[in-house]
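Keeping the supplied structure of chain A fixed, place chain B upon it in accordance with the hints.
Quick mapping for you: the protein sequence lines, in order, are chains A and B. Residue numbers in the first sequence follow the UniProt record's numbering, run continuously in steps of one, and reach 508 at the last position. Residue numbers in the second sequence follow the UniProt record's numbering, run continuously in steps of one, and reach 508 at the last position.
Treat the hints with caution; some may be incorrect.
Below, a list of computed lysine-lysine pairs in the DSSO-like style, where the Cα atoms sit at most 30 Å apart [as the list claims (entries may be wrong)]:
#, chain 1, residue 1, chain 2, residue 2
1, A, Lys-109, B, Lys-82
2, B, Lys-393, A, Lys-325
3, A, Lys-448, A, Lys-393
4, B, Lys-257, B, Lys-316
5, A, Lys-419, A, Lys-448
6, A, Lys-354, B, Lys-257
7, B, Lys-26, A, Lys-59
8, A, Lys-82, A, Lys-92
9, B, Lys-393, A, Lys-115
10, A, Lys-92, B, Lys-115
11, B, Lys-109, A, Lys-82
12, B, Lys-26, A, Lys-257
13, A, Lys-360, B, Lys-82
14, A, Lys-62, B, Lys-257
Keep in mind the hints are simulated off the structure, nothing from the lab. Computed from a predicted model, the values in this text were never measured in an experiment.
Number of protein chains: 2
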Amino acid sequence: MAKQPASAITPTRADDYPEWYQQVIKAADLAENSDVRGCMIIKPWGYAIWEHMQQALDKMFKATGHQNAYFPLFIPKRFLEKEAQHVEGFAKECAVVTHSRLELNDEGKLIPAGKLDEELIVRPTSETIIGAAFSRWVQSYRDLPIKLNQWANVVRWEMRTRMFLRTAEFLWQEGHTVHATEEEAQEETRQMLEVYADFAENFMAMPVVKGEKTADERFPGAVATYSIEAMMQDRKALQAGTSHFLGQNFAKAQEIKFQDQNGAEVFAWTTSWGVSTRLVGALLMTHSDDDGLVLPPRLAPQQIVLLPIYRTDEEKSQVLEFCAKVKSELEALVYGGLPLRVEVDDRDLRGGEKNWQQIKRGVPLRAEIGPRDVASDSVFLARRDRGHGKGDKQSLSRADFVGTAVAMLTEMQDGLLAKARQLREDNTRTVTTLDEFRQFFTPENANKPEIHGGFAVCHFSEGDEVQAILKDLKVTPRCIPFDLEQTPGQCVFTGQPTSRRAIFGKSY
Amino acid sequence: MAKQPASAITPTRADDYPEWYQQVIKAADLAENSDVRGCMIIKPWGYAIWEHMQQALDKMFKATGHQNAYFPLFIPKRFLEKEAQHVEGFAKECAVVTHSRLELNDEGKLIPAGKLDEELIVRPTSETIIGAAFSRWVQSYRDLPIKLNQWANVVRWEMRTRMFLRTAEFLWQEGHTVHATEEEAQEETRQMLEVYADFAENFMAMPVVKGEKTADERFPGAVATYSIEAMMQDRKALQAGTSHFLGQNFAKAQEIKFQDQNGAEVFAWTTSWGVSTRLVGALLMTHSDDDGLVLPPRLAPQQIVLLPIYRTDEEKSQVLEFCAKVKSELEALVYGGLPLRVEVDDRDLRGGEKNWQQIKRGVPLRAEIGPRDVASDSVFLARRDRGHGKGDKQSLSRADFVGTAVAMLTEMQDGLLAKARQLREDNTRTVTTLDEFRQFFTPENANKPEIHGGFAVCHFSEGDEVQAILKDLKVTPRCIPFDLEQTPGQCVFTGQPTSRRAIFGKSY
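For reference, chain A alone in the conformation it holds in the complex (with noise of 0.2 Å):
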């Protein structure tokens, strides 16, 4: 029998899923703790992802009407305390500064002085500090819209940190608009929603469900809170961008108001939206598999590298500058829109291991190169969607692989979609009894498919009742998806008479 390869992470998803997921950033050397607590280091591969989702999301945010711009990193205390809902939702979990310098004791310590008059607040979110500027640069329904983003750090003192998930300080993009009315205000939540579902399924091959979430899981101070939700591996749920309607709360607060066209002096309508570095943890549960990382080739830092196989000088010298030939050709197509990022390894690494690091890190196209392929003026080719074995691997002439690498790429960013959605359909039910959804949800029924699963679509009303079934059982509702009808029925955890639907799931 032929040695079944080894998978390269352990533990396997099925064994350990969230250790998988802890191991596959190591192997793939995205980030890793740091000395601060809860504070991650992104390393240069993890961090050269986020710069791929910034720079689409960033052309998609100007493309719709958005400008950049950067507010300060702190937020005065007497700025959180005006919106109560919002004061309650970050003031638990904040990092204040109160000193403005250190100084040596007697007993040659460093210790804090020059203590403030005001305390400030590391931005866990900026609603309050651009509310201060816009209640300044709006005036006139001629000052209207102003559509801003930032691309930042915030902070929110989490207890429990998982890398990229849920971190202290975490990087983001924050967008924060004005409007004259209230249907312009809805309409632009609803487009930041449409944009970031576009690139969550475009970009990162991660279909979303578009919906609202319900009163008990919005931002706070929003009047509507909308978000997409993603279903990883494992079935749980993931947030992976929020949009917020934040109605005239923030504007009343902040005396954020102009006059009209009647000469009136009335309150603006406000909306945020954003998301965050926790996108690349979804990537990688989107995707990822038990030999680590696996890239959507759109968001690939390097979609396709060269691995120079050689032992003497003058193969070496030969293979190598059949590389660069191989590498210009390929750089001078175009695929998303740019051109393809391309990467000759040559370091001094044994080829086994290189080729294995290449395939934990999730490079989509990897080609082996040798003397034999020089003089056949082919590459040995490997997906890393297709497993690790040899007979995966494939040759192909040097034209072949120029003239199918848009295409094969194409194919895979396809096929991950494909295949994440059908993870997601097939652990998707609709559920009308309260002892199915605890059946649903109940963990040692993992292994049962027919009765355990991810998303659960129920009829459900709001309450105390509601929420204790759904504390007890570790759920939450995830959104009242915009394309999921709102017929009558009965609620699943009362028995009343509801209209209202949602998605249910176990979430990060």
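Below, chain B alone, put in the same frame as chain A:
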């Protein structure tokens, strides 16, 4: 007599240079002070300039083998204590986080709670936190070099702030590298200074002097600090970028050591280098005039603005159609390796007001397009580097405009650099006596160009006596230029023989 057109900025440079600076920022809508002391809001036009700087620099960093990463915002207090000079340099002005939440007290006031066991410092620079990671990552000579860069915000609690030039929080990049040998680290330090000089001259059109800082002006903890120094229009010096050879100081303080090829355990050699949003201030003060901002084309967020002029709806559709055509023809052109950046400014504003806004924002080329221009297939063109009178506009056929646009931008870019270089040459003088030196830097002589100036090139020695004279005159040694011959002579301040020569100036 023709009426002399007034300048758009009050006061003019001649009247009050510091206030002119603030007014140009305001008129171009680059930034404004925020509600947080010392922190500014970078508005869209200012941020877009920074984005173009970032893109150009980022490309240069990657081309020289650097990768981006991201390290925590917070630095544990004990990290800062490790390098004695470093802590002395930064402890005096840093934001100290002491608590992890806010709680309501009995009076309903929010007060800091959740006191931290160890205070965290908001990074003023990241040598210590990145060095801690290096000490984990560097084990063998095979791990070297590591060449990283980080785009980030940093905080230094400055008492006297000025937008862009000196703010409590600012945006920057900081490169951090580790090397196996002293030579390699020195080479890296010098290479990055060359990258900065290249960027300053070829993108910012700002000539710089490259040189080494004197001992007193070194980065805290560095063995050698190199800088690029530019002369602003008021003949003051501005340090525009620094590159530090850190020797083994940080490696020893943080245990960054490795096994070399002979199996011996040795300390590594590190460097760091950075430029910040201060460059936006430098750009402003190098080129702008009494009508507002002047942008070198390579960094202008919009290089060409088309200003449609019409009265009737019929005129409007003709003019806008023509503008769209011109725009798309221009956008097909490449300047500096990128497509031309062109805007049609169709805002509902009076034509004169709109034109003035674009002048004050520093857009290189403005083309007015009205019905008559459409009829004659031409545009009415104004260049930002040629004043704002009627006589400075010219009618150009569409074909000529499109055909010469890139050449005009190139000419402007070169012209701005040449002009700035001329100013520096006219105001740099070799000074050989203390009396001459005093005259050179006495403000009362400002209108006597024959004895007063900007950069003084002098033989010098270091010591308390010299320091006292310089402090009194508010002058500092800017750098010891690489290309300045270190010939024997006499110290201007003490008369002692010395072969050291430096450039002296008043500085920002």
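Comparing the hints with the structure gives:
1. A:Lys-109 - B:Lys-82: holds (12 Å)
2. B:Lys-393 - A:Lys-325: violated (50 Å)
3. A:Lys-448 - A:Lys-393: violated (35 Å)
4. B:Lys-257 - B:Lys-316: violated (70 Å)
5. A:Lys-419 - A:Lys-448: At roughly 21 Å apart (the allowed maximum being 30 Å), A:Lys-448 and A:Lys-419 satisfy the hint.
6. A:Lys-354 - B:Lys-257: holds (25 Å)
7. B:Lys-26 - A:Lys-59: Judged against 30 Å, a Cα distance of about 27 Å means the pair holds.
8. A:Lys-82 - A:Lys-92: Answer holds: A:Lys-82 to A:Lys-92 is near 16 Å, not above 30 Å.
9. B:Lys-393 - A:Lys-115: Given pair B:Lys-393, A:Lys-115 is violated - Cα atoms ~57 Å apart, limit 30 Å.
10. A:Lys-92 - B:Lys-115: holds (13 Å)
11. B:Lys-109 - A:Lys-82: holds (12 Å)
12. B:Lys-26 - A:Lys-257: holds (22 Å)
13. A:Lys-360 - B:Lys-82: Measuring from Cα to Cα gives roughly 36 Å; hence the hint is violated.
14. A:Lys-62 - B:Lys-257: Outside the cut-off at roughly 46 Å; violated.
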